[in-house]
Amino acid sequence: MDTPPDVATLLGELDVGNDKAVTELVVLLYSELRSLASSYLRRERGDHTLQTTALVHEAYLRLADQREVRWKNKEQFMGVAAQLMRRVLVDYSRGHDAQKRGKGFEKVFLEEAVGFSKGKASDVIALDEALTRLAEFDPQQARLVELRFFGGLSIDEAAGVLGVSRTTVKRNWNLAKAWLARELRGGDKKHA
Amino acid sequence: MPEKWDQVKELFTLALERDPGERSGFLDQACAGDHSLRTEVESLLASFDGTATFLEDSPAADLLAAR
Numbered sequence: 154m155d156t157p158p159d160v161a162t163l164l165g166e167l168d169v170g171n172d173k174a175v176t177e178l179v180v181l182l183y184s185e186l187r188s189l190a191s192s193y194l195r196r197e198r199g200d201h202t203l204q205t206t207a208l209v210h211e212a213y214l215r216l217a218d219q220r221e222v223r224w225k226n227k228e229q230f231m232g233v234a235a236q237l238m239r240r241v242l243v244d245y246s247r248g249h250d251a252q253k254r255g256k257g258f259e260k261v262f263l264e265e266a267v268g269f270s271k272g273k274a275s276d277v278i279a280l281d282e283a284l285t286r287l288a289e290f291d292p293q294q295a296r297l298v299e300l301r302f303f304g305g306l307s308i309d310e311a312a313g314v315l316g317v318s319r320t321t322v323k324r325n326w327n328l329a330k331a332w333l334a335r336e337l338r339g340g341d342k343k344h345a
Numbered sequence: 297m298p299e300k301w302d303q304v305k306e307l308f309t310l311a312l313e314r315d316p317g318e319r320s321g322f323l324d325q326a327c328a329g330d331h332s333l334r335t336e337v338e339s340l341l342a343s344f345d346g347t348a349t350f351l352e353d354s355p356a357a358d359l360l361a362a363r
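Here the protein sequences come in this chain order: A and B.
The working numbering puts the first residue of the first sequence at 154, with every later residue one more than the last.
The working numbering puts the first residue of the second sequence at 297, with every later residue one more than the last.
Isolated chain A (complex conformation) (with noise of 0.2 Å):
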């Protein structure tokens, strides 16, 4: 087996334009941030009154603290933040959902950080999955709803992010809306 490459390897990599770059190194911060989880829950004895909102801030800091290379800008930081926070946010609603886990990390991570955790983790999952599909035919769309949902990016942000108008990226945000709407509303009709 490989040794997995370092944070800074990966990051030099997408400054050459590497989007499998960007796959791993969203991998590798998840699995960072998951023995952060863990040792944040030893110490409180799996207790659920974890500041998980502290806790995935710390996250971020992590993220946007990567002195060895530095980050070509914010836009590729924020890039890979929005898609880190969908896995963590995915991951946890499917723990949650399954209800096959004792007192593990997803169960008490995000319970109060996020605004979804008012909602069902099963939304999470219908989205995450929606997305994936809007992905198929439209990845730009696609993108937008996780750097906008996920990543918590504004519409100017995003346009940043994207190298596009802020009024393409209203009227993309728009129409991405309401074709994920009818798609978790069940979907009136098949589409091909």
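Bear in mind the hints are in silico, worked out from the structure with no lab data behind them.
All residues carry an ideal CB built from backbone N, CA and C; glycine is no exception.
Please note that a few of the clues may not be correct.
To be verified - Computed spacing ranges between beta-carbons, pair by pair:
#1 A:K173 - B:G321: 46 to 52 Å
#2 A:D309 - B:A328: 35 to 41 Å
#3 A:S318 - B:K300: 34 to 40 Å
#4 A:S318 - B:H331: 19 to 25 Å
#5 A:V180 - B:A342: 37 to 43 Å
Stated by the list, open to error - No more than 30 Å apart at the CA atoms, straight line, and that leaves these computed lysine-lysine pairs for DSS-like:
#6 A:K323 - A:K173
#7 A:K323 - B:K300
#8 A:K323 - B:K305
Claimed, not checked - Derived list of chain A stretches under chain B, where covered just means 3 residues or more per stretch with a C-beta under 8 Å from a C-beta of chain B:
#9 290 to 300
#10 303 to 317
Given chain A, work out where chain B should sit, using these hints.
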């Protein structure tokens, strides 16, 4: 891919920029008898009506704001 996605995108955007009362007339013209195209655009416009808060409350927004 949904049928005629590029056209759907364009017409959805143009229709949305018009007053709700003018959309039907606009689509009459723009779709020129293409029933499935029109149905799809209208379906998405109807769906859009319920999305004022949908996906607007990002779980990450507070985190980014705190940075």
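Okay, the hints, checked on the actual structure:
{"no.": "1", "hint": "A:K173 - B:G321: 46 to 52 Å", "in the structure": "holds (49 Å)"}
{"no.": "2", "hint": "A:D309 - B:A328: 35 to 41 Å", "in the structure": "holds (37 Å)"}
{"no.": "3", "hint": "A:S318 - B:K300: 34 to 40 Å", "in the structure": "violated (24 Å)"}
{"no.": "4", "hint": "A:S318 - B:H331: 19 to 25 Å", "in the structure": "violated (33 Å)"}
{"no.": "5", "hint": "A:V180 - B:A342: 37 to 43 Å", "in the structure": "holds (39 Å)"}
{"no.": "6", "hint": "A:K323 - A:K173", "in the structure": "holds (28 Å)"}
{"no.": "7", "hint": "A:K323 - B:K300", "in the structure": "holds (21 Å)"}
{"no.": "8", "hint": "A:K323 - B:K305", "in the structure": "holds (13 Å)"}
{"no.": "9", "hint": "290 to 300", "in the structure": "holds (count 3)"}
{"no.": "10", "hint": "303 to 317", "in the structure": "holds (count 4)"}
The earlier numbered hints that this structure contradicts are 3, 4.
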